[in-house]
Structures are given as C-alpha cells and as structure tokens.
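Start from chain A and add chain B according to the hints.
Protein sequences appear in the order of chains A and B.
For the first sequence, the residue numbers in this note's numbering are 16 to 500.
For the second sequence, the residue numbers in this note's numbering are 12 to 106.
Hints in this document: simulated from the structure, not taken from any laboratory.
Heads up, some of the hints might be wrong.
Under 7 Å between C-beta atoms, here's a sample of chain A residues computed to sit facing chain B [claimed, not checked]:
1) TYR207
2) PRO312
3) LEU316
4) VAL320
5) ARG340
6) ARG344
7) LEU351
8) ARG359
9) LEU372
10) THR375
11) LEU378
12) GLY381
13) GLN391
14) ARG394
Computed cross-link-like contacts, PhoX-like style, restricted to lysine-lysine with a CA-CA straight-line distance of at most 25 Å [said to hold, decoys possible]:
15) A/LYS403 / A/LYS277
16) A/LYS266 / A/LYS315
17) B/LYS61 / A/LYS106
18) A/LYS403 / B/LYS103
19) A/LYS32 / A/LYS63
20) B/LYS61 / A/LYS357
21) A/LYS392 / B/LYS61
22) A/LYS460 / A/LYS426
23) A/LYS63 / A/LYS31
24) A/LYS315 / A/LYS277
25) B/LYS24 / A/LYS357
26) A/LYS277 / A/LYS392
27) A/LYS315 / A/LYS403
28) A/LYS426 / A/LYS106
29) B/LYS61 / A/LYS315
30) B/LYS103 / B/LYS24
31) A/LYS47 / A/LYS106
32) A/LYS403 / A/LYS392
Note that this is a predicted model, so its numbers are computed, not measured.
We treat Cβ as the ideally placed atom computed from N, Cα and C, and that holds for glycine.
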Amino acid sequence: MLNASLRQLSLLLSEKKISSTELTSEFLSRIKALNPDLNAFITIDEEKSLDQASAADQMIAAGRSTPLTGIPIAQKDIFCARGWLTTCGSKMLSNFVSPYDATVIERFDQAGMVNLGKTNMDEFAMGSSNETSYYGPVKNPWDRLAVPGGSSGGSACAVAARLAPVATGSDTGGSIRQPAALCGISGIKPTYGLVSRYGMIAFASSLDQGGPMAKSAEDLALLLNTMVGFDEHDSTSLQRAKENYAQDLEKPVNGLRIGLPKEFFAEGMSSDVSSAIEAALAEYRKLGATFVEVSLPNSKLAVPVYYVLAPAEASSNLSRFDGARYGYRTAQYSSLEDLYTKTRAEGFGEEVKRRILIGTYVLSHGYYDAYYLQAQKLRRLIAEDFRKAFEQCDLIMGPTTPTVAFNIGEKCDDPIQMYLSDIYTSTASLAGLPGMSIPAGFGSKNRPVGLHIIGNYFQEAQMLNVAHCYQQVTNWHELTPPENL
Amino acid sequence: MTLSLDDIRRVAKLARIEISETDAQQNLVRLSGIFDLIEQMRAVDTQGIKPMSHSQDMVQRLREDIVTESDQRVLFQSVAPQVEDGYYLVPKVIE
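Chain A with its partners taken away, still in its complex shape (with noise of 0.2 Å):
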C-alpha cells in the first residue's frame, strides 16, 4: 500500500477494502517511526488527521467522492492551512497558526484529501538544500549523509521514504524540481498563473509557482487536476478552460521532438549525471522520438538574473514581517524602530536576510537601472531564447542539477556554490515555462539523478504524456530507499 499509485489507492477507498482513517493511521505510523530521522516533517497532528480521514470516509459512504477523496497528502509548510502551524521553515513564523486556507489547501480539502502534516522546507523557501530551515537540515532518503535538496526538501523526502503518497510543493527557481530530482521522484512547477498564490507564502511573486510532487507522472496529472484552476483571490491567476491533464497519458511519443540545448550539455554537468540522462535520452529514442540540437545562449546569465529578480521581489514581500501583526516579536524594545529591526535581525535566518540585502541594494536609490532593470531585459532575451527553440522542437530535456544530491554541510558556507545549482531550473522559472524533473536512474554512490523536460506554456499534458511514456518502459520511479521497506 506505501507503494500504491493515486489510481490504486482510489479504487481500494471506493471498493471498500480500506477506509481512510486506516490509511491515514498507516501512514501517521510511519512518520513517527521514521520523521525523527529525517526530519521531512515540521507539524503533524494526528487528530486533525484523522479528522479529516472520517469525513472523507462518510464522503465515501454517502457516494459524494471525487478520484483524490480520502488520500493522504502531505502539504508544504509555505502552504497556509486554517487551524495549523504554518512557520514557512522561519523563526519568524513560529508561533504562526493560520487563521485562513491558501486556495490550494482549500481545492484538496474540498476534493476529500487528508491533509497528513506540514513538510519542512529551507527558510521563506531560500535554498536549495533544505538547509536554512529553522527546523533544522532534512536527511536524503537515499542516503542520509545527503542533502534532499530545496526548498521543497521535506515534500520530497516525505514522498520517497513513503511517508506520504503524494505531497505539495512551490518553485520559485527550481524548488519542486529540484529536491525531486536529488529524493529520485517526480515533481511538476506548471505555467506560472496555473496555481493559485493565494496563502502561499510570497517570496519572488512574479515567479513563485505551487505544484505537486508525487512517485510518478499519472499521480502528479491526477492532482494537477485539482490543484489548477483561477482563483479571484489572485491578481495573477489565469482563466482558462478546465483541462484533464490525465488525458494524453498513453499517447504514443513517436515522432516527438526532443530539444537538447546545447548550453546544458556543455561544461558543468557531472560524468555520473551525464551518463544518466544519455540512458534517459537512449529509452526516448527506443520509443521513437527525434533530437534536435538546440541553442539558449543567454541561459548563461540566469542564474545572475535570478540573484537579482529575486532577492528584490522578496526583499519587497519580506517587508511585511515587522512584529506588529503577526509571528515573532523581539522581547526587548524601546522604540518602535528598535521593535522592527531587532524583530527582523532575531526572527530571519542567514541566507533570508543576505537576499533581503542583496534586494535592498539592488532596488535602492542610484542601483535601480544597473541591476533591476537590466536583470528585467536579460529575462526577456532568456524568455526569447525559449520562443525560438520552439519553433524547433516540441519539448526541451537535460539534467535536473549538475550534479546528484551533496552532502549535509558541504556547501554551506559557499553560497554561490549553492546558487549554481540551479543552473538549469531557473533558467526555465524566468521564462514562466512549465518545468518537470522525473527519476531517471542513479549517479555516484547510488544517489538519484532527475531528467528535466521543460514544456512550452500550457503544454503540461503533454509533458506528462511524455514523462508517463517513459515511466511505462523503466522503473525507477518505482524504486524505494533500501533500508525502508
């Protein structure tokens, strides 16, 4: 049952060989067994569990379900839920319990799912190792000297150690993708404007973006379902016509066409990764699809445009952590200057504020044009290297990360090291393109390493067409952590 797929499990709730309150109960062992290890997990709370497992177990008995009703789902602490502790991985919310829903929690508790506990994550989702969390480091699955990579560490870690069947996650520069990619499971960042902001604990808001994270491509499709859809409550959410993003799933891939740029097979990627993601590209061609090289010249300068862009968006929405309102205060203080800025020096972490600086000094007086704004024109001649590659290929596939997952500790103390990183999802999150990272084998000593398709805008369908194809022919996406099971 730990290893059932969304499908499996909805047929077993609906055929009454298992209740929810059993499932939920299952996994709720499992995190308290496993969770003081791995730390994936900030709050759970097993009566508010079970709770929600006996409604959706009468929602079932009354005929009133929907394919997710009675489903455990882990969702992320950036995700604020009524009645929960939602801390967004700070000192700074730590004594936050939400008075209201993000939309997204509102579409899964509507469609019946359980919510299984709030997952850890790096600080205001700063990071790319789960590092910077107030709660301390998540362990890797695979390997716990590792990192599970961030900012959607916990979700990540939760999903492949079967702490919970699917879980939730936000990518900003690479934060879904890029912990799947290193925990060996697959996670989806849609067009930005699918998913609702609302409740969502801002960072960079022109490019923050909730999406699931899940063992394979049809589980992910099935809670795309849910999780997509306007929301009035956010200026920036799209209006379209409702999809099924579980349609196209068996459409046969042959006569696709595969863009591989050459920018991310250049120098940078490891021997291990690259070996992998040659295999990945070897079962594409089995199975029919066409390469066709692909250039993005400018995918150089993302990552600095990113350091720029972002930083500035957050050093915005950062500013509303004062000690008044809401979360933190300072115990001391004789002013209310003083009240403000011992709050924010006590209440954030090291990495948030080196990017609250880094925002300030780029949004400030005199440093505007230089860096905000020419980080603006560099995201259009990135956004303009994607259009044009389009006109060539149906989809873009490399590696996830340069690398499989490091060890705990080893970049702390080399933050450019960390942002490099991200070399290959961010460039994608400027674009507001629709990026996914699925298993695709294993690099040096036997950690995870992720095959990353980036999809042209609203082409989520097919990417899951294509990243279900390929989970029909391999099985590493149904592999588990050894010592687990």
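Here is chain B on its own, set in the frame of chain A:
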C-alpha cells in the same frame, strides 16, 4: 564593483535589520562574492530591449467595487503579538 562596510550598514538600515559589526563584516565578504557573479550580467548590451516584469502578458484584472470580505478582526488579531481594544499595540511613536 566594490562594496564597502558603509554600504552594508546603509542597506541593513533601509531593510530594518539590526546588524552587528561581526555580521556586517561577514556579509561584506559574502555579498561581494555574490555581486561578482551578478556583474557578469551588467556587461551585456541590452539597449532597446523592453524589460520583462512578468512572464505572462497580462493586464491587471478589475472587479466590481462591492464588499466581498466580512469583518474578521477578532480572528486575525488572535495571532498578533499584542493587541488592546481591537488595536495592534506598538511602542509610542508620537510624544
């Protein structure tokens, strides 16, 4: 580009983050490295290119000017550090 300790102190003040001398020193080293990376971006000629502020070409959506939210003051203030008579309490700013 060279950052100075004064730059770090000025930016920290603008960001309303108290910063110790040690923190300022450490940030100077770290941020200088990050700005060296960012410098690569400034060398590119971008004359005539329209800045891209958003990935979708969209305009701000408008809605009818009608009340859509109910009063939830008590609920929202239940998570505040300090309130009194429905107000958020902060140190006095006007003598």
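So, going through the hints one by one against the coordinates:
no.	hint	result
1	TYR207	holds, 5 Å
2	PRO312	violated, 11 Å
3	LEU316	holds, 5 Å
4	VAL320	holds, 6 Å
5	ARG340	holds, 6 Å
6	ARG344	holds, 4 Å
7	LEU351	holds, 5 Å
8	ARG359	holds, 5 Å
9	LEU372	holds, 5 Å
10	THR375	holds, 4 Å
11	LEU378	violated, 9 Å
12	GLY381	violated, 11 Å
13	GLN391	holds, 4 Å
14	ARG394	holds, 4 Å
15	A/LYS403 / A/LYS277	holds, 14 Å
16	A/LYS266 / A/LYS315	violated, 35 Å
17	B/LYS61 / A/LYS106	violated, 39 Å
18	A/LYS403 / B/LYS103	violated, 58 Å
19	A/LYS32 / A/LYS63	holds, 23 Å
20	B/LYS61 / A/LYS357	violated, 40 Å
21	A/LYS392 / B/LYS61	holds, 6 Å
22	A/LYS460 / A/LYS426	holds, 18 Å
23	A/LYS63 / A/LYS31	holds, 22 Å
24	A/LYS315 / A/LYS277	holds, 12 Å
25	B/LYS24 / A/LYS357	holds, 11 Å
26	A/LYS277 / A/LYS392	holds, 23 Å
27	A/LYS315 / A/LYS403	holds, 17 Å
28	A/LYS426 / A/LYS106	holds, 22 Å
29	B/LYS61 / A/LYS315	holds, 20 Å
30	B/LYS103 / B/LYS24	holds, 20 Å
31	A/LYS47 / A/LYS106	holds, 23 Å
32	A/LYS403 / A/LYS392	holds, 17 Å
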